[in-house]
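Chemist: Sequence:
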Amino acid sequence: MRICELRRMEVVNICDGKRLGFVGDVEFDECTGKIKCLIVPGPGCICGFLGREKEYLIPFEDICQIGDDIILVRVEEKDHGKKPHH
1 MRICELRRME VVNICDGKRL GFVGDVEFDE CTGKIKCLIV PGPGCICGFL GREKEYLIPF
61 EDICQIGDDI ILVRVEEKDH GKKPHH
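Numbering (this note's numbering), first residue to last: 1 to 86.
Any given hint could turn out to be false.
[Claimed, not checked] The list that follows gives simulated cross-link-like pairs (lysine to any residue, SDA-like), each with its CA atoms no further than 20 Å apart:
#1 36 to 10
#2 54 to 26
#3 54 to 39
#4 54 to 42
#5 54 to 25
#6 18 to 66
#7 18 to 62
#8 18 to 61
#9 18 to 72
#10 54 to 2
#11 54 to 24
#12 18 to 37
#13 54 to 66
#14 54 to 13
#15 36 to 61
#16 18 to 7
[As the list claims (entries may be wrong)] Between beta-carbon pairs, the in silico distance windows are:
#17 27 to 70: 19 to 25 Å
#18 64 to 5: 15 to 21 Å
#19 69 to 30: 15 to 21 Å
#20 33 to 76: 15 to 21 Å
#21 16 to 60: 27 to 33 Å
#22 31 to 70: 27 to 33 Å
#23 34 to 72: 29 to 35 Å
#24 31 to 10: 26 to 32 Å
#25 74 to 34: 15 to 21 Å
Everything labelled a hint here was simulated from the structure, so no lab data went into it.
This one's a predicted model, so the numbers in the text were calculated from it and none came from an experiment.
Where a beta carbon is used, it is the ideal one built from N, C-alpha and C, also for glycine.
Please take these sequences and the hints and turn them into a complete structure.
Modeler: Dropping the structure here:
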């Protein structure tokens, strides 16, 4: 799977059914080349423009399943990893 394909996928939290948004970026481990986390822009944010200054950081181990057009994640509300966008 390519990163451009991931960016077309919506991320849904299976804990509460909440749609978190679409994958905006992916963070990789520089040494191993493995995915560390998915970065999902917060509500009202379009690729870092126009809106909120927060994003969801979804650790790779919290990804439950990747389907054809959706990614299911298991993240407790307090653990969404929202952080200020730099």
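Chemist: Going through the earlier hints one by one, which of them does the structure break, listed in rising order?
Modeler: 10, 13, 19, 20, 21, 23
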